[in-house]
Amino acid sequence: MVEVAHKPVNQVSQNMFEGRLAALLIELRAGRSFREFAGLIGTTHTNVRQWEQGRGEPRLRVLTKIAALKGWTLNELQAYLEGESLPKSSSSVQQLISEVRGLSFEAAAQVAAVAVETMTIKGNQV
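For the sequence shown, the UniProt record's numbering begins at 1 and goes up steadily by one.
Hints listed in this document are in silico derivations from the structure and should not be mistaken for laboratory results.
Treat the hints with care, since some could be wrong.
As the list claims (entries may be wrong) - Capping the alpha-carbon separation at 25 Å, the derived lysine to any residue pairs in SDA-like fashion look like this:
(1) K122 x R101
(2) K65 x R32
(3) K70 x N15
The whole structure should be built from the sequences, with the hints applied where relevant.
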């Protein structure tokens, strides 16, 4: 397995990595302030701003938190940042998770209630 927190070997892959990271952070930040988002992933607002501008990359512990916010594993995040596509089956679930994370508290509570209800129903069917 390839180490996640490494620099890609050439400038093209470095640019792709930083560009994809920037786009992902902008998506995940979803209107939150730099400070608020930085608090979620355990870093400084200055780092978030730099990464969104395509400069540098987070440490492994921060990449792990970014992956979790997106609903991905660390390996899925690594694959995405290095230019690979995610499998369709995980993409739809990941998209749903990403959308739920951007909801207000009240809307997220409604989604949680439906999820618990669905799990209860499906659990009783087993």
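> When the hints from earlier in the document are held up against this structure, which numbers fail?
Replying inline: none
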